[in-house]
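**Student:** Work out the full structure: start from the sequences and follow the hints.
Going by the UniProt record's numbering, the first residue of the sequence shown is number 1, and it counts up by one from there.
Hints in this document: simulated from the structure, not taken from any laboratory. Owing to the predicted nature of the structure, the values given are computational and were not obtained by experimental measurement. C-beta: ideal position from N, C-alpha, C; glycine also. The reader is advised that the hints may include incorrect statements.
Said to hold, decoys possible - Restraint-style ranges between C-beta atoms, simulated for each label pair:
1) Arg69 <-> Gln9: 39 to 49 Å
2) Val70 <-> Val10: 42 to 52 Å
3) Ser2 <-> Tyr71: 21 to 31 Å
4) Asn49 <-> Arg69: 23 to 33 Å
5) Ala17 <-> Asp72: 50 to 60 Å
6) Gln9 <-> Lys57: 43 to 53 Å
7) Asn62 <-> Asn25: 54 to 64 Å
8) Glu67 <-> Gln9: 17 to 27 Å
9) Ser26 <-> Asp72: 50 to 60 Å
10) Val70 <-> Ala41: 27 to 37 Å
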Amino acid sequence: MSDIQEQIQVEVEQARAVCDISGSNSAECAAAWDAVEELQAEASHQRQNKQKNSLEKYCDDNPEAAECRVYDD
1 MSDIQEQIQV EVEQARAVCD ISGSNSAECA AAWDAVEELQ AEASHQRQNK QKNSLEKYCD
61 DNPEAAECRV YDD
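**Tutor:** See the structure below:
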């Protein structure tokens, strides 16, 4: 996860530099900030992906185990 955070920081710095050079209303500036937003969205998506706990991993490997039975109402 820290890798994507580092990439976000790099993109933010690049976006600021592009906007300083080409102006804050330029297409290049908008595109640079779009790249930052895309990376931030990906980081958010990765945070939402829940890691499996040990029981869930066990049940993936052993679905027939008593601990893994699912009963319908």
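**Student:** If a hint holds in the structure, say so; if it doesn't, say that too.
**Tutor:** Evaluated hints:
1. Arg69 <-> Gln9: 39 to 49 Å: holds, 47 Å
2. Val70 <-> Val10: 42 to 52 Å: Since the Cβ atoms of Val70 and Val10 sit about 45 Å apart, the hinted range of 42 to 52 Å holds.
3. Ser2 <-> Tyr71: 21 to 31 Å: Roughly 41 Å apart at Cβ, these two residues miss the hinted range, so it is violated.
4. Asn49 <-> Arg69: 23 to 33 Å: holds, 26 Å
5. Ala17 <-> Asp72: 50 to 60 Å: For Asp72 against Ala17, whose Cβ atoms are near 58 Å apart, the range 50 to 60 Å holds.
6. Gln9 <-> Lys57: 43 to 53 Å: Check failed, 33 Å falls outside 43 to 53 Å.
7. Asn62 <-> Asn25: 54 to 64 Å: holds, 59 Å
8. Glu67 <-> Gln9: 17 to 27 Å: Roughly 44 Å apart at Cβ, these two residues miss the hinted range, so it is violated.
9. Ser26 <-> Asp72: 50 to 60 Å: Given range 50 to 60 Å: holds, Cβ gap about 59 Å.
10. Val70 <-> Ala41: 27 to 37 Å: Hint holds: Cβ distance 33 Å, inside 27 to 37 Å.
Hint violations for this structure: numbers 3, 6 and 8, all remaining hints satisfied.
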